[in-house]
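Whole structure, please, built from the sequences with the hints as guidance.
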Amino acid sequence: MATTTIPAVSSGLTPAKRSQLTKYFTWSLDHKVIGVQYLVTSFTFFLIGGALAMLIRANLLTPNSGLFIDKATYNAVFSMHGTIMIFLFVIPTFIGFANYMVPLLIGAKDMAFPWLNAFSFWLIIPAGILLLVGWMVGPPEAGWTAYFPLSGPIYSHADGQTLWAVSLHLLGISSIFGAINFLVTVKNMRTPGMGWFQMPLFVWAMFATSIIILLATPFLSGALTLMLFDRLAGTNIFNPATGGDPLLWPNVFWFYSHPAVYIMVVPGMGILSEVLAVFARKPVFGYKAIAMSSMAIAILGFLVWGHHMFTNLAPWTRIPFMITSMIIAVPTGIKIFGWLGTIWRGKIRFTTAMMFALGFLSLFVIGGITGVLLASVPVDEQAHGTYFVVAHLHFVLFGGSVFSIFAGAYYWFPKITGRYLNERMGKIHFWITYVGFMLSFLPMHISGLYGMPRRVAAYDPKFQAINILTSLGAFILGVGQIPFYINAIASLVGGEVAPANPWRGLTLEWTTSSPPPEHNFEGTPIPAPDPYGYGTPEGAAYLAGERNIAVMTLTHGSAPLLPNEQPTGGDR
Amino acid sequence: MTTKKLPAAPRTVTMSETGLVFDAQPDLKLNNNRLFLMLWFVVEGMLFGSLIFSNFSVRSAQGDWPPPGVDRMDMRLPLLFTAALLISSFTAIQAINALKRDDRGALVRFLGATVVLGLAFVFGMVNLISHLQFTGVYSAMFVAMWGMHVAHAVAVLLFLGYVLWRASQGRYTSNSYWSLEAATNLWHFLDVVWIVLFVVLYLV
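Listed in order, the protein sequences are those of chains A and B. The opening residue of the first sequence carries number 6 in this note's numbering; numbering runs sequentially from there. The opening residue of the second sequence carries number 132 in this note's numbering; numbering runs sequentially from there.
Hints listed in this document are in silico derivations from the structure and should not be mistaken for laboratory results. Please read all numbers here as calculations on a predicted model, not as lab measurements. It cannot be assumed that every hint is accurate.
So these bits of chain B aren't anywhere near chain A, every CB distance computed over 10 Å [as the list claims (entries may be wrong)]: (1) N162; (2) L166; (3) F184; (4) S185; (5) V189; (6) Q225; (7) V253; (8) N258; (9) Y269; (10) G301; (11) R302.
No farther apart than 30 Å at their CA atoms in a straight line, the calculated lysine-lysine pairs in the DSS-like style are these [said to hold, decoys possible]: (12) K114(A) with K192(A); (13) K467(A) with K76(A); (14) K192(A) with K231(B); (15) K160(B) with K114(A); (16) K192(A) with K293(A); (17) K293(A) with K352(A); (18) K22(A) with K114(A); (19) K114(A) with K28(A); (20) K352(A) with K432(A); (21) K160(B) with K192(A); (22) K160(B) with K28(A); (23) K160(B) with K231(B).
Even for Gly, the Cβ is constructed at its ideal location relative to N, Cα and C.
Rendered as structure tokens:
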């Protein structure tokens with residue numbers, strides 16, 4: 006990259022360094038810049054959502070409400086906590102990782118629609134601002150699920166709920182454009198020689214996730230449109246007193262929101278496959294099974310939404326939803342066993358990324374088991390609306406999604422920034438997070454089963470001991486995130502410089518420099534015949550720099566393949 | 132609604148200093164754009180589907196539809212406007228056929244007819260609906276669904292207007308007319324959606 010001449014003695018920000026920083030604050034079509042923009046934005050919202058969680062736990066130290074905030078504010082705090090964590094942290098973080106990595110992983114120069122990519126990111130900013138402004142004009146207090154009539158004009162007459170709906174509309178549009186971008190990019194822009202089953206599993210995961218986003222998010226838009234009609238145009242679509250259907254909102258909302266939880270975990274599972282294989286130095290066990298399981302979860306995820314409504318659905322629908330909700334545990338279980346098979350007898354290197362991946366395995370399995378328990382109608386009838394559900398969802402969302410986010414962060418930070426994250430700080434971050442998380446959320450299973458309801462500012466004094474323990478764990482968990490932010494900022498500035506392939510990975514992002522040049526690769530990248538061929542002679546040869554022209558042999562001597570063609574015979 | 136496939140591009144591979152370079156597919160952009168449009172139709176289909184689902188959900192809560200005391204919407208004038216919409220799709224197809232024959236005059240005339248008929252549909256329906264009052268959940272659902280459609284129709288009409296302007300400037304050739312293809316396909320899609328909505332809103 007040509008720059009102006011830099012003075013021989015330079016300190017602080019040179020013109021070159023300043024332009025490198027300012028590009029992240031301006032409109033850029035480069036998927037790598039957009040990826041970083043997503044990541045920094047979402048990790049900022051993680052802090053805000055986390056602070057709200059600390060406020061919740063501080064208030065629950067005593068059984069009576071009003072320790073720091075009153076009941077109405079408490080409702081607003083947990084509503085915003087959920088909304089921010091889901092829509093402004095987890096989902097944008099995975100989009101950020103995907104934006105940065107998917108073109109690199111498939112050997113493309115950029116996404117299929119760079120302008121749309123930038124547009125998708127810049128929608129996040131006004132959406133986030135609108136949501137935060139909503140806090141000031143009278144915050145939403147109806148939970149992130151916003152059931153009617155609580156979220157209607159009578160019980161939520163402040164404007165914050167309306168702004169919430171508009172904000173989510175914008176985020177939905179951003180998601181949908183992103184999903185189309187990923188689907189087209191993965192289908193049409195893979196480098197020659199990369200058939201569908203030579204794609205890294207993170208790409209499969211993003212492909213499946215994009216299908217979910219494509220099909221589900223329009224239902225959220227529909228629901229929000231009707232909500233805005235009721236709140237702004239004086240209609241009564243959801244009001245049962247005037248002929249509306251009270252079950253309509255839960256049905257349309259959960260038809261989106263259940264697939265949404267798979268949007269939030271499937272990319273993380275893709276990251277798991279990458280990290281576990283690299284740091285166990287073993288091929289992924291059951292590559293095709295894991296790839297197809299991602300697709301199966303994407304489809305099956307649309308058939309289970311009723312399990313959020315067991316207590317108010319027509320009785321004949323309960324058993325079918327119970328069955329589908331249990332079936333979806335099967336592809337998830339296939340993945341878990343695939344990952345266990347991957348690390349079995351591997352040469353495990355306990356980097357921080359690997360620790361977080363292993364942490365995912367333990368925590369997500371617990372969350373998955375409680376999920377199957379909740380899928381059972383008789384159990385759910387007792388546990389619905391209690392802290393048992395809060396425990397389940399945090400085990401899968403924090404123990405699952407957030408742990409995989411951190412695994413990806415420690416794994417890909419060197420590629421994105423050209424510097425290692427400090428491993429010692431990383432281990433401290435991991436252990437405080439793991440212990441704090443367990444201390445906070447494991448007891449919730451007990452308080453939930455003993456009957457403590459969720460979303461309450463005050464509770465029966467018999468639950469106080471468990472709540473104090475939970476809050477203590479939460480404070481440890483919260484404080485434990487500080488080392489990560491310090492580590493990230495300090496490493497950016499003065500961390501150990503990382504080479505192109507610090508982890509000796511076989512996927513394409515490691516074949517280019519850290520960070521990659523603007524056009525991603527020099528020449529056309531040649532993928533390894535098996536992106537998880539660790540321990541094989543071909544893998545070792547690829548790592549040693551031999552880029553066999555595999556594409557030539559696959560076409561049996563005829564013209565070389567172009568990006569959207571398949572090999573003419575043999576393996577796919 | 133047939134799309135024209137471009138001829139296959141010659142394939143070359145050259146060795147540069149840094150490695151092999153395969154030539155970029157010249158029709159990659161077109162393939163990307165076409166796939167985008169197909170996926171966009173899926174998204175829009177789900178969006179209108181969510182509203183249709185909501186309509187039936189509200190009906191089952193009501194029992195009778197329209198609810199007692201509410202008149203069913205009169206479909207005679209809307210049927211006329213729907214006919215205009217259907218004819219406008221036909222003229223859009225003729226416009227593309229004209230371009231394929233390299234007949235620029237016919238292209239502009241048919242495209243112009245499409246826009247005029249589309250405007251007739253939008254203005255006609257807006258006039259009808261603006262006299263409506265929200266008396267309850269029947270009219271509320273009606274306006275929500277129809278409103279979503281007409282908003283899309285206006286947006287696509289604006290796009291068609293832009294495409295008409297470009298056509299009149301002679302910017303399309305039989306080999307390169309992506310925005311024309313996209314605009315007319317979007318219009319056909321809205322046509323199909325309207326047929327389904329017409330059935331749900333007026334007939335059943």
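Worksheet item: Which numbered hints turn out to be false for this structure?
Response: Hints 1, 2, 3, 4, 5 and 9 are the ones this structure does not satisfy, whereas the remaining hints hold.
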